[in-house]
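So the chains spell out like this:
There are 2 protein chains.
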Amino acid sequence: MYRKLCRSLSAWIMFFLFWREALVHAGVTSSYVRKLSESKDMPIDSLAFRPPSGFNAPQQVHITQGDYDGHAVIISWVSTSQSTLGVLTYSLANDGSESNDVHCNATNYTFASYKSGYIHHCLVGGLMHDSNYTYKLGKGAEARQFWFCTPPKLGPDVAYTFGIIGDLGQTYDSLRTFEHYTASNGQAVLYVGDLSYADHYPQHNGERWDTWGRFIEPSTAYQPWIWTAGNHEIEFSPELDEIEPFKPFLHRYATPYAASNSTSPLWYAIRRASAHIIVLSSYSAYGKYTPQWIWLHDELKRVDRTITPWLIILVHTPLYDSNRAHYMEGEGMRAEFETWFLKYKVDAVFSGHAHAYERTHRVSNVVSYAVSGGCVPAHDRSAPVYVTVGDGGNIEGLARTYIQPQPEYSAFREASYGHAILDIKNRTHAHLMWHRNDDGEVSIADEFWIQNQIWMPRKSSDVVPRRILKKSFSKLKCSVCEQSPLLKRLLNAA
Amino acid sequence: MYRKLCRSLSAWIMFFLFWREALVHAGVTSSYVRKLSESKDMPIDSLAFRPPSGFNAPQQVHITQGDYDGHAVIISWVSTSQSTLGVLTYSLANDGSESNDVHCNATNYTFASYKSGYIHHCLVGGLMHDSNYTYKLGKGAEARQFWFCTPPKLGPDVAYTFGIIGDLGQTYDSLRTFEHYTASNGQAVLYVGDLSYADHYPQHNGERWDTWGRFIEPSTAYQPWIWTAGNHEIEFSPELDEIEPFKPFLHRYATPYAASNSTSPLWYAIRRASAHIIVLSSYSAYGKYTPQWIWLHDELKRVDRTITPWLIILVHTPLYDSNRAHYMEGEGMRAEFETWFLKYKVDAVFSGHAHAYERTHRVSNVVSYAVSGGCVPAHDRSAPVYVTVGDGGNIEGLARTYIQPQPEYSAFREASYGHAILDIKNRTHAHLMWHRNDDGEVSIADEFWIQNQIWMPRKSSDVVPRRILKKSFSKLKCSVCEQSPLLKRLLNAA
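Read top to bottom, the protein sequences are chains A and B.
Following full-length UniProt numbering, the numbering of the first sequence begins with 1 at its first residue and continues without gaps.
Following full-length UniProt numbering, the numbering of the second sequence begins with 1 at its first residue and continues without gaps.
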């Protein structure tokens, strides 16, 4: 009687453990259906695109972090004439004295029949942390004034809030995403690629870069957007005699790459508050011995989790994403870098490219290559969470079709427009929230507490690794398995 | 009695089929051991490196195919002074009239403290197929005369012999490889990357590019070498303020990339005799949407197997190779391109990088990625043969350690210096031979008849696919399996 009781109890414990694991890792495909109207670009004369008054008034003003640790910004803008070069003054808010100690350069470019305005980039350094600065561009009646806040000094428990936006474009849905984000408490944007979608137009109409720059100015003039290049930035067009990849993007959007010893603006790193942000380029060479590979190899060694506990990677093409759009396009980079993401215990990888939202469990698949078995992604505590936020709203529309059934690595997925927020609380916890555009209201449709991989590694994991589960099963006497067809089925399914 | 006889007979037939498959696909790791002396670079003043007499005598003369179909050559050389620019005349052999209708340019470069001579590239077009031309470079007493043969007109049954050399360097072993090759009947060399190993030296001593150019001149002045870039050509050296990848290589070695609509000299295609040769760059971007990816996508569509039945790919990093050196470094590119190699039924892929020789069976592994099982390479009739010929002899020495046990995809492997020959007979058959340097004698250590994937696809294959084998086994009554422990073991092993 006693033995029978023990056997039943063991069976039910195993049953419970199995379903607990199944429930914890059951992926969710949201059934939310938004109004299925097409995404249309806002017309050129939209209010969102209206240039400031004045012939040479600075426009498309945007800032980004200017150095490695947040003591500097790069302030950029476009003007019709070159004469506004260097005409930038800045001061601490409420401090009367203005400084114009800045290093500026101006550039312009042509693309097919388009000729850009003058694009100015000014490096403003030696700033104090956690301070509010105002800055003024231009002269006389055309002068425009803005402000920004520098980040807090680096530190492991420094709270900071990042927005994550990708594949924005310039449709009415883009506008809603943008409005929702600017109403949030995001302090800087991690932009995961595919900016203006100007390449959608004949000859990649450069004016659609200008409209985009003006569209996002209400945010970019006041807080840094950290840029990642997407495929829509490549603009490789031999048919237009334009074969220099990323030409408009690299002219318009500066990055502080030299500060992290990079030799290319397409891959670089910054530290901000308690985060170490690494930006990679899906569309540059990344094989072993290439410049990007060498740089990442060295940069990961520089990460100090006692100063910046949160190690975040931005890369346009997802390494794990179960949308049919661009499915498995990240395999090439995954083959190169995934083992490093595990070794260095990256906290999160944010991507775009698939026009939908998805969050994965912590998974890896590093033993599956040419010669070994076991090639299904497995839960892996050392792995980052992979988050796709490619749902900014661009003209290509939503990617509504997912791989079925939902793969085990996928935790949540929904094809809706929106943006994400990563609210870092301290060294141990960060709150990831995905906000769906809900036709006027901000709606949190997914949220997840990310535990820091170094400071709060998962000990009593809510994951029961499959191998432990199988081991537990195998310890049961065969007779128990035989007596329980349900358990037998569960064992086979595990 | 009759039933017993049938069962035994079936068992023995299955046994035979299994062992036939096992024997056909048993990989061979050659046990040949060559003299294990180190590979040392030949000294700068070696005979092999001696410059021609005369202050400005053209040196490092080399030719390559100059167009898509073999009507042109690019003749290149180096001189101390720029004055030899355009001083090239050529004529049909035995035809007195000389022509100087050539298009030339000259370039030079610096690398760290090295300053190159003048590097001349002349395009000589409008040549007749299957003809012998002489050409003369330079003036007066310093003039030097050479010759070359144009290939036959393109055609499906045109016989042609290619040499394959990789990772040559400039050691005494390199000299032996070179001597062995030049004694062969090779008509053009498919060079699979890693040329001079000048980057082995402090500041990548550019003189070691010059020595290498003179070293190989006895072949390169007379027959085209088709260039692939390897990792030793990258020479990305921020510590020397040299961050332009491939700088010396691209200045010195021209390729006819524009003729195949490529926008980069690092990836291109030519057609020669009955072969369509595609050259890829392991160390350039190759992800979807990148220029190389777009170009290959389009180039593969242009392949016409009724004109050039033999589709050959050259790429420095192998996609399949079981040497411990650089093991699985080709996974990133394999993820991008392997399905195309199957779709277009590439005949062979030649690579270098691992300093040894290896030939694979026709295998693929395209269902193994992030989400599915079955990720061990499987025999695949649509797949190319992958051949690594990275054993030219360079200063880094041989890569002697292989993955054990020998993977199923590996047919033959040996860590010895040597070169390969691909002797195309007609549209259906090509003879691949690997010649080991045997301390003075040319020794064929591996040979294989490649059947053309289009014109002689394998019908009655010498491969018994594993699934057929398993199906056959499963048809046996269980009782037979039970009666034969050997068969049972074989079945489990299959």
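Don't take each hint at face value.
It does not matter which identical chain is meant; a pair holds if it fits inside one copy or across any two.
Derived pair list, reagent style EDC-like, types lysine to aspartate or glutamate, alpha-carbon separation capped at 20 Å [as the list claims (entries may be wrong)]:
(1) 343 <-> 380
(2) 288 <-> 242
(3) 345 <-> 41
(4) 153 <-> 336
(5) 288 <-> 336
(6) 247 <-> 438
(7) 288 <-> 299
(8) 153 <-> 447
(9) 343 <-> 207
(10) 345 <-> 239
(11) 301 <-> 67
(12) 136 <-> 304
(13) 345 <-> 45
(14) 301 <-> 396
(15) 343 <-> 447
The hints are simulated quantities; they were obtained by calculation from the structure and are not laboratory data.
State the violated hints by number, sorted upward, taking the hints as numbered earlier in the document.
Those not satisfied are hints 3, 4, 6, 8, 9, 10, 12, 13, 14, 15.
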